[in-house]
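Chemist: Using the numbering used here, you'd call the opening residue of the sequence shown number 746 and step up by one each time.
FYI, nobody ran anything at the bench for these hints, they're computed from the structure. Predicted, not measured: the structure shown is a model, and the values here were computed from it. One or more hints might be untrue.
To be verified - Okay, derived cross-link-like pairs now, EDC-like style, lysine to aspartate or glutamate, Cα gap no bigger than 20 Å in a straight line: (1) 881 with 904; (2) 790 with 809; (3) 790 with 882.
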Amino acid sequence: MPSNVTAICPGTFDPVTVGHLDIITRGAHTFRRVVVGLIEYPTRKQTMFTSAERAAFLREALADYPNVYVDCFNELVVEVARRWEANVILKACGRSPTSSTSSPWPSSIGSWPPTSKLFFMMASPEHSFLSSSGVKEIATFGGSVDDLVPPAVARRFAELFPRKA
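Using the sequences and the hints, build the whole thing.
Modeler: Quick look at the structure:
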């Protein structure tokens, strides 16, 4: 992949996990820039965190990567890609291909320009079954998510769901 490529990594990141960060930071070493496209108001699910919280979590966790940008949007991924002149969609793969929640296919794939590329990066083995919904479930029931999410997210979960001693 040429080093002058801009990739977009779209998602809701509700919340961002260490698995997301693994893909994004590996992408930052592969591409000239990575745009983390944060879907502000997803139509297919209710988010636990506001778009402002999710963007802040991402920006804090990715502060050491000057070639990574967070862009909140409410449009087709292809429109965000055009705005950033991105010609690659960066997505993780590695979870069960039969799971509807792990589908790597963006909903706007039909309008993606044929000259553009989809770049699927294998999830690192230690993150291959990690999901935002699983993290939320663990936290909701009082489990520790400290090793699954960035520190800011872990602190916020501790505020929302204090652990019993």
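Chemist: Work down the list of hints and note, for each, if the structure agrees.
Modeler: Right, here's what the structure says about each hint:
At most 20 Å may separate the alpha-carbon atoms for a hinted pair to count; residue 881 and residue 904 meet this at roughly 13 Å. About 30 Å separates the Cα atoms of residue 790 and residue 809, which puts this hinted pair outside 20 Å; it is violated. Distance check on the hinted pair: residue 790 and residue 882 sit about 15 Å apart at the alpha-carbon level, within 20 Å; holds.
Hint 2 from the list above is the single one not met by this structure.
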